[in-house]
Amino acid sequence: MWENVKSFASEFFVTGDPLIYGADISIVLTIIGIVFGLTYFKKWGWLWREWLTTVDHKKIGIMYILSAFLMLFRGGVDALLMRAQLAMPELNLLAPDHYNQIFTTHGVIMILFMAMPFMFGLFNVVVPLQIGARDVAYPFLNALSFWLFFFGAMLFNLSFVIGGSPDSGWLAYPPYSERMFNPGVGQDFYIWGIQISGIGSLMTGINFIVTILKMRAPGMKLMKMPMFPWSVLSSCIAIIFSFPILTATLALLFLDRYLGAHFFTLDGGGNPMMYINLIWMWGHPEVYIIVLPAFGIYSEIVSTFAKKKLFGYKSMVYAMMIISILSFLVWAHHFFTMGSGADVNAFFALTTMLIAIPTGVKVFNWLFTMFRGKITFETPMLWTLGFIVCFLVGGMTGVLLSVAPADFQFHNSYFLVAHFHNTIIGGVVFGYFAGLYYWWPKLFGFKLNERIGKWAFWFWNIGFYACFMPQYVLGLMGMTRRLVTYGWDKGWWEMNLVSTIGAGLMGIAFLFQVWQIVYSVKHLQKDETGDPWNGRTLEWSIPSPAPYYNFATLPQVSSQDEWWEEKQRREREPLSLAPPKLEPIHMPKNSGIPFVMSMFWFAAGFGFVFDWLWLTISGLVGVAVCMLVHSFNYDTDYYIPVEDIKRTEAAIRG
Amino acid sequence: MTQHDMTHPHDAETQGSLKSYTIGFLFSIVLTIIPITAVLYGWAEGMTNTIVLMTAAVLQFVVQLIYFMHLREEKKPRYNLVTLILGLIILLVIVIGSMWIMLFNMVAT
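Chains as they are written, first to last, in the working numbering: chain A, 4 to 657; chain B, 397 to 505.
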């Protein structure tokens, strides 16, 4: 008996690596700490009522952003480990197979479990407030999306300590990701972690399209909508058309691994290149999915801190819509070297270069918005300026990569690695940071400390250039990506050392940000105005943090920067003090089903990974039961009486 | 949509009559039986078979859209129609693009 348990455990848990034992211990300690803390302070009921069952878009947004920060930490540690291994030639810090696992999880986590939830968090927190709505179109679905993402991400992260991590790169190219070469469970964790959270992403896409099209405040025509909801709309259009491709592709890979099918195998008529073709049909729109909302954030920030209306509103809208559609026509530039011939490569090179045009339009719009504006340099604006420089470099190296013949030289070299970090950190991460700093007062009712924020900004930026500029050169010198070590004779070590130092600076910058949050909470200076940046859009017209029903009376919109115009109107003729007429507010009720159902999905996914049929079946049955229970539940909404609204408003507005 | 009714955007919903649902159901059953019998009893072979199956599939798609998705009854702005067209375009891009890339692949062939 004991022998059986021992042999099971030695295969079930990942053993033999001190780094992982350390992680095991810290995970167990953290869980004990959390359980103890919740019990000691009697917070279990609070956690369940206020967070786990909530359908409030603001709270869901906060949970998304919190998860994204945790994942940024994990992905960041992965990155630092890789950079440490590459700091000097012939280091043995990480074994080659462990190194493979780390670059794989770094990529998956940063894109799917950091950038995506960070983005969805900002969608949730900001979009309903900006369009004058009281929640998203489908609040229950929204909660379900979050918990599916959360449990998908947990399933993926579990592979670190149980069963072993995936190790075939962030897109799991076959044939290496097939069972023949990769018999362990890591690749199955990859498939099911992404599939489960992918359902959530797709539902969020649908949810926000409906929210934006159907729930804008009275008078807000589409062309009077702020720029961020526009960017969310364009991003969600790409989500609903591209995520099904990812789901189908991974499902085919799953069939190959689980049932011995031959879609992407080397034998039996399969073709691994078809997988590469399919996955990039999702993969390329995906990078635009995450960067478009960042463009929307920059547009809001530039116009707020330059105190000017956004330059070229219409061209901005068209540029984003064109990018959203054009992103579906460029996927083959990820595999020019596959050998599809000159015609195919020329076509995809041209479409790729075309995308630079609408992107360029946007950059000029931001520059012209700043032109002759009264710019102030608070942290959100700093990140925006940092982005313009950084993204410009990344965009131009992207155009270099799009030249198909030249790509045969750049392909899979550190030049490429530097390029996509340049666009994704410079575009996406900087953008979400800018957005977080900008909307933080709206979320929590106080600003983050500016002084520490500036330290973080400069450490991030200097670290970034120190880390990635040498990588362009290394790429041209012949250093390929996913390389575990290199010899002294290559002449690469100086630049690699500089690159590692840069990565370390970014790690310190992250610590600055954590310290900034802790410091700002400790030295809390409450923002009483609800409009600390002198903003232009509707979210600044209500108190911070926003009451749970958002708007006591729905605003009437007549112009593009409604709140800015409203402030001008109030200055000209003071507001008539007739209190607005209140009506009962229709609100969705909390529900535990999203949380429970996602746990069942988690169980089913775990069952698939280890091929434990009993767990898979009971998990899927649980999912079906949850769906049935929710279908027959008609008690899903309630009205807030006018008295309650009055009391809440009086308490907030003092 | 009334002002305080914010959780359920009702106005997009359209309802069919019993008659239209019955017709739609019959159409979809017939369009399912034809390809099944065609395959089971081997009515046609090769290209003809493919054309029969494809035609039945496309007609089935149209029947679903008209009788169950109420595509014709949508009020303006016709978001559903626009989305459908965009979806079809992207579908064509996926299929034609994949065939182009894979069939002209000099390494694979």
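Since the hints were made in silico from the structure, they are not lab data. These numbers come from a predicted model, not from an experiment. Ideal Cβ placement from N, Cα and C applies to all residues, glycine included. Be aware that a few hints might be false.
Facing chain B, a subset of chain A residues (Cβ under 10 Å, in silico) [unchecked claim]:
{"no.": "1", "residue": "LYS217"}
{"no.": "2", "residue": "LEU255"}
{"no.": "3", "residue": "ASN274"}
{"no.": "4", "residue": "ASN280"}
{"no.": "5", "residue": "PHE513"}
Is the shortest C-beta separation between PHE513 (chain A) and chain B less than 10 Å?
-> Where the cut-off is 10 Å and the nearest Cβ of chain B is about 38 Å from PHE513 (chain A), the hint is violated.
Interface restraint verdict for ASN280 (chain A) against chain B (beta-carbon cut-off 10 Å) = It holds, given that the least Cβ distance between ASN280 (chain A) and chain B is near 6 Å, below 10 Å.
Interface hint outcome for ASN274 (chain A) [beta carbon to chain B under 10 Å] = Constraint on ASN274 (chain A) satisfied, holds at 6 Å.
Hint check: 10 Å Cβ-Cβ cutoff, LEU255 (chain A) to chain B | violated, 13 Å
Tell me if LYS217 (chain A) is really an interface residue toward chain B, meaning its C-beta lies closer than 10 Å to one of theirs.
-> holds, 4 Å
In summary, the numbered hints that this structure violates are 2 and 5.
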